[in-house]
Amino acid sequence: MARARFDVRSQPGFGTIALFTFVVLYLPIITLVAYAFNASESLTAWGGFSLHWFGEAARNTAVQDAAWRSLVIALSAASVATVAATMAAIATTRTAPYRGLGFKYAFINLPLMVPEIVTAVALLIVFARVKVWTGYSGLGYLILAHTAFCIPFAYLPIRARLEGMDEALERAAADLYAPPWQVFRRVTLPLLRPGIIAGFMLAFVISLDDVVISEFVKSGGQDTLPTYMLGQMRREITPEVNAIAAAFLALSVVLVTIFFFINRKKT
Amino acid sequence: MASAADVARQEEGRKIRSRWLLSAPALVIVFIAAIGPLLVMLAYSFMTKGDYGDVKPAFSLDGWFSVLFQRDMFDDTLSLADAHLSIVWRSVRLSVITTFATLVLGFPTAYFIATRPRNTREVWVFLVTIPFWTNLLIRTFAMQQVIRNEGILNSLLIWLGIIREPLQIMYTDWAILFGMVYVYLPLMVLPLYASLEKLDFRLIEAGYDLYAGRLAVLRRIILPLVKPGIVAGSILVFIPSLGAYVIPRVLGGGKNLMLGNLIELQFGSGRNWPLGAALSITLMVLVMVAMLFYVRNAARSGGGHG
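These protein sequences, in sequence, are chains A and B. First residue of the first sequence: 1, per full-length UniProt numbering; consecutive thereafter. First residue of the second sequence: 1, per full-length UniProt numbering; consecutive thereafter.
Rather than coming from a laboratory, the hints here were simulated on the basis of the structure. These figures come from a predicted structure and were not determined experimentally. Ideal Cβ placement from N, Cα and C applies to all residues, glycine included. There may be inaccurate statements among the hints.
In silico EDC-like cross-links for lysine to aspartate or glutamate, where the CA-CA straight-line distance does not exceed 20 Å [claimed, not checked]: (1) B:K227 x B:E197; (2) A:K104 x B:D200; (3) B:K255 x B:E122; (4) B:K255 x A:E163; (5) A:K104 x A:E163; (6) B:K15 x A:D175; (7) B:K198 x B:E122; (8) B:K15 x A:D7; (9) B:K255 x B:E197; (10) B:K198 x A:D7; (11) B:K56 x A:D175; (12) B:K227 x B:D200; (13) A:K131 x B:D54.
Among the chain B residues that face chain A by a calculated CB cut under 8 Å, a handful are [unchecked claim]: (14) I29; (15) A43; (16) F46; (17) W64; (18) F126; (19) A142; (20) I204; (21) F267; (22) L283; (23) V285.
Label pairs and their calculated CB-CB ranges [as the list claims (entries may be wrong)]: (24) B:F126 x A:S40: 29 to 35 Å; (25) B:L203 x A:M113: 31 to 37 Å; (26) A:L71 x B:S79: 22 to 28 Å; (27) B:A5 x A:I258: 48 to 54 Å; (28) B:I163 x A:M113: 53 to 59 Å; (29) A:R94 x B:R71: 38 to 44 Å.
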């Protein structure tokens with residue numbers, strides 16, 4: 001037999017480690033999903049395939065409330081964050097450096113650099129006081145907190161898109177006597193749309209996934225889906241948590257897939 | 001009379017003002033719900049602790065003091081706060097090990113992906129991205145199901161005859177370590193892949209032509225070229241590991257605290273807000289130092305040899 005051709009790219013053992021990594025990445029998720037379809041009450045024995053726990057979770061009013069709350073918060077926070085981030089991105093790109101530009105950039109991205117637990121306790125101490133002063137303890141705090149940490153996530157893709165955009169088109173529109181607002185609406189905005197959609201989706205997913213900040217900012221009875229699950233994990237776990245997690249997982253996978261294809265079409 | 005230069009300057013000023021106005025909403029929101037509270041916390045770390053949590057508005061360094069020292073309840077003698085230091089040490093140690101373990105697993109994986117045919121690479125990257133975008137809590141919970149006493153890892157090891165009794169992994173440092181490696185692995189693979197993808201394999205071929213062995217090629221050619229990716233991945237893993245809260249809470253089970261849990265404790269049953277604030281600032285400073293290290297490193301490798 002002829003000797004295998006020497007491949008300069010191959011490194012011994014790398015393929016094996018890579019496959020091991022993919023097993024490590026997927027085995028836990030697959031286990032989790034498998035047990036969501038377990039008919040048995042326990043998390044240890046396999047009692048046959050069943051959708052029982054999905055039904056159980058869907059009928060649980062605490063889960064319904066938490067899911068609805070998560071959705072409301074994520075939609076509001078992502079929307080506000082996207083609008084604010086779009087405006088900020090327009091203000092901080094395609095310009096000669098001016099005083100305060102670097103400051104703005106650092107300021108907007110700061111939430112990315114602070115450990116979540118630190119932001120969470122800082123919000124806890126401030127909002128605790130504000131709640132006493134104003135007597136208001138609604139969802140506003142959660143939405144505000146989520147908006148703040150969503151802004152950098154929405155900002156980055158929008159900014160990236162803007163930087164790659166040709167300013168000549170906007171100048172041409174202005175030369176043709178389009179007023180600034182019209183230039184923005186008819187030229188800038190349509191060109192910017194992929195960036196805005198990416199920013200919004202990123203912000204939405206980040207908000208939906210948040211555990212730590214929600215856990216510290218929420219008032220009593222304001223569980224989001226992740227904080228509800230965290231609370232359940234302290235007790236005796238039933239496959240109901242698996243069912244919720246599996247449904248959540250499915251949603252994430254769908255969103256990531258959409259995101260993946262939107263980005264691929266662009267390039 | 002205004003000269004052309006004046007008009008231009010006025011125009012420039014107007015533009016900058018409108019740019020500030022445009023960025024105002026984002027700046028205000030980030031200030032109210034992130035930076036402002038952090039400043040309040042900085043202030044709290046210099047105040048006196050209240051009797052039932054909260055703070056009294058009187059200057060005190062006790063919070064910062066008790067990060068490192070503890071005063072004996074009876075005779076007022078000072079000693080190092082072993083409990084805090086051991087938790088800080090555990091956080092740093094586990095984060096370093098996590099970074100190293102993700103690098104050992106992540107580098108060959110990224111290399112494997114980068115050497116696939118171009119059209120399948122995207123699929124492999126996508127496979128890494130999915131766990132990355134899955135909720136952290138769900139991934140932690142998934143890891144719990146693997147390493148539990150009745151979980152599949154123990155079942156497998158028993159079935160293989162390697163062990164007789166299930167290993168107690170949950171509620172140990174190992175559990176936290178497994179959880180962090182699992183959760184942060186994609187953060188290592190993705191930046192590594194980004195720099196490996198740009199690797200010019202002609203350089204490697206040249207290395208082989210000059211009689212370098214595989215190990216020499218890996219050590220002397222590949223590793224130096226992808227160093228920026230290694231640094232980026234390490235920082236991306238190290239920073240969230242250091243501030244981990246959910247993973248030690250779920251997998252470490254209250255006994256094996258990390259810095260994040262110690263901070264929470266001070267605002268909860270510990271009722272020592274100034275200490276909690278001081279610990280938070282400490283964690284933030286540790287993170288900033290790591291970040292600074294990264295920025296300096298990135299600047300150096302960007303400008304240097306290409």
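### Query
Are B:F126 and chain A close enough, Cβ to Cβ, to be under 8 Å, as the hint says?
Holds, about 6 Å.
### Query
Within a Cα-Cα threshold of 20 Å, do B:K56 and A:D175 meet the stated pairing?
violated, 62 Å
### Query
CA of A:K131 to CA of B:D54, is that 20 Å or under?
holds, 14 Å
### Query
Given B:A142 as an interface hint, is the shortest Cβ-Cβ distance to chain A below 8 Å?
holds, 4 Å
### Query
Taking 8 Å as the limit, does the beta-carbon of B:F46 come near enough to a beta-carbon in chain A?
violated, 14 Å
### Hint check: 8 Å Cβ-Cβ cutoff, B:A43 to chain A
Violated, because the Cβ-Cβ distance from B:A43 to chain A comes to roughly 10 Å (cut-off 8 Å).
### Task
Mind checking the alpha carbons of B:K198 and B:E122 for me, to see if they're no more than 20 Å apart?
holds, 15 Å
### Query
Keeping to a limit of 20 Å between CA atoms, is the pair of B:K15 and A:D175 held or broken?
Distance of about 18 Å is within 20 Å: holds.
#### Entry: Satisfaction of the hinted span 29 to 35 Å by the C-beta atoms belonging to B:F126 and A:S40
At 33 Å between Cβs, range holds.
### Task
With a cut-off of 20 Å on the C-alpha distance, tell me whether B:K15 and A:D7 pass.
violated, 58 Å
### Message
For A:K104 and B:D200, compute the direct alpha-carbon distance and say whether it is at most 20 Å.
### Response
Roughly 37 Å between the alpha carbons, so the hint for A:K104 and B:D200 is violated.
### Query
Is B:K198 within 20 Å of A:D7, Cα to Cα?
holds, 18 Å
The structure is inconsistent with the numbered hints 2, 3, 4, 8, 9, 11, 15, 16, 17, 23, 26, 28, 29, although it conforms to all the rest.
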